[in-house]
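Note that the protein sequences, when read in sequence, are chains F and U.
Quick note, the first sequence lines up with residues -5 to 200 if you use my numbering.
Quick note, the second sequence lines up with residues -5 to 200 if you use my numbering.
Treat the hints with caution; some may be incorrect.
Remember, identical chains collapse to one label, so a pair may be satisfied in a single copy or spanning two.
Stated by the list, open to error - Straight-line Cα separation of at most 25 Å, DSS-like style, residue types lysine-lysine; simulated pairs:
id, residue 1, residue 2
1, K19, K142
2, K151, K19
3, K19, K195
4, K195, K142
5, K142, K62
Think of the hints as simulated: they come from the structure by calculation, not from any bench.
No experiment lies behind these values; they were computed from the predicted model shown.
Protein chains: 2
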Amino acid sequence: MFSGAQVSLYPMSGDFVGIILDAVKALDPYRDRLRIETDDISTLLVGPPDLLFAAMRDLFVTAARTGKHCVLSAAVSRGCPGEPDDAICGINPSAGRTESLADRISAALAAVEATADTGQPTAAQFSLYVMGTGTHMEEIYGCIDFLKRSGVFDRSKNFCTRLGGDAGAVFATIREAFYRFGDAEGHVTLDITISANSPTKPETKR
Amino acid sequence: MFSGAQVSLYPMSGDFVGIILDAVKALDPYRDRLRIETDDISTLLVGPPDLLFAAMRDLFVTAARTGKHCVLSAAVSRGCPGEPDDAICGINPSAGRTESLADRISAALAAVEATADTGQPTAAQFSLYVMGTGTHMEEIYGCIDFLKRSGVFDRSKNFCTRLGGDAGAVFATIREAFYRFGDAEGHVTLDITISANSPTKPETKR
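The whole structure should be built from the sequences, with the hints applied where relevant.
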């Protein structure tokens, strides 16, 4: 299972370069376990979902702690046809899929519950795309049920789901949505946006 | 056919609020033809693909002309199950689909060719997701063929395709990819990132 993300970090500050360079240091503990490549648009992270989401969370929280309005945007993908399989992405191919949808929802809720707080409030939205499977809508409805019970659900918006809460729980919730639902070997993608310190309104959960 | 986008604009500047407020004025000519709703994460645009992409282009180019590093990120969707059909999104349901894939590629190339320059260079990347159809990969390969001949193709990256060139041609190319390929009534989404004025390297096409 090939899994990875194209990740961009946007600090709304004249010192965006400095904030990005500092935040990228938060990826250092992951460099031996993730493939990391950067260009002027995004940084590619390739590796298993737990490390991907931990790395994105640490990158984002480090930038957000400057107090500047920061946004992390990422295209996250697993099982994409045409991508080379890579040992670095090892994920148990049957993980969770011998379990019923109800059991996977329970496991996802338990994983979010067990996640440590970061102290960084965030607002987030994401779209989950499950490609080319007969169980497409059933898996999406199961995932929506999980999201509504995750503790960070805010509301449905057109084309996406909005979350709010501590960055720890928000990233954990999106991670669980990404890999517990849809075929274990299927092509599943996420379009995620995580925001902190927006001046527009308080980032409290509604 | 319900089509729309959740759009975010990120000016990497301490004056991001002023740049955004100025750029949003570029949406005024579209307000009678698009549904537009804003919160602290994104702006929802609902309407037919030609207006959606024209509005996003004008929003982005207005911000980029400040010379600041600006990024537009959007989740674009058509035919999403669960979204209400809305008269504002009227698109000819059979537009192009009585034509062969080869003819649609030609039409897409002609549409990009006919697009006026904006004078704003950009670098862009996007992912196209065609959900739940038997012709999934055939349509994607047809779309990739179009992209490679579009004049703004840069290269394939993991999980996405990179473009570079004038904002006019770049937005037109992504618009054509969005609505000429995949089932006319199918669920197709885009995850797009358009960047200008990055200090990292020149945004010339490679």
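Hint check results:
1. K19 / K142: neither (34 Å within a copy, 36 Å between copies)
2. K151 / K19: Cα proximity of K151 and K19: across copies only (23 Å, versus 34 Å in one copy).
3. K19 / K195: The answer is between: 21 Å across copies meets 25 Å, while 30 Å in one copy does not.
4. K195 / K142: Only inside one copy: K195 and K142 sit 22 Å apart there, 42 Å across copies, limit 25 Å.
5. K142 / K62: neither (29 Å within a copy, 39 Å between copies)
Comparing the model with each numbered hint stated earlier shows that hints 1 and 5 do not hold.
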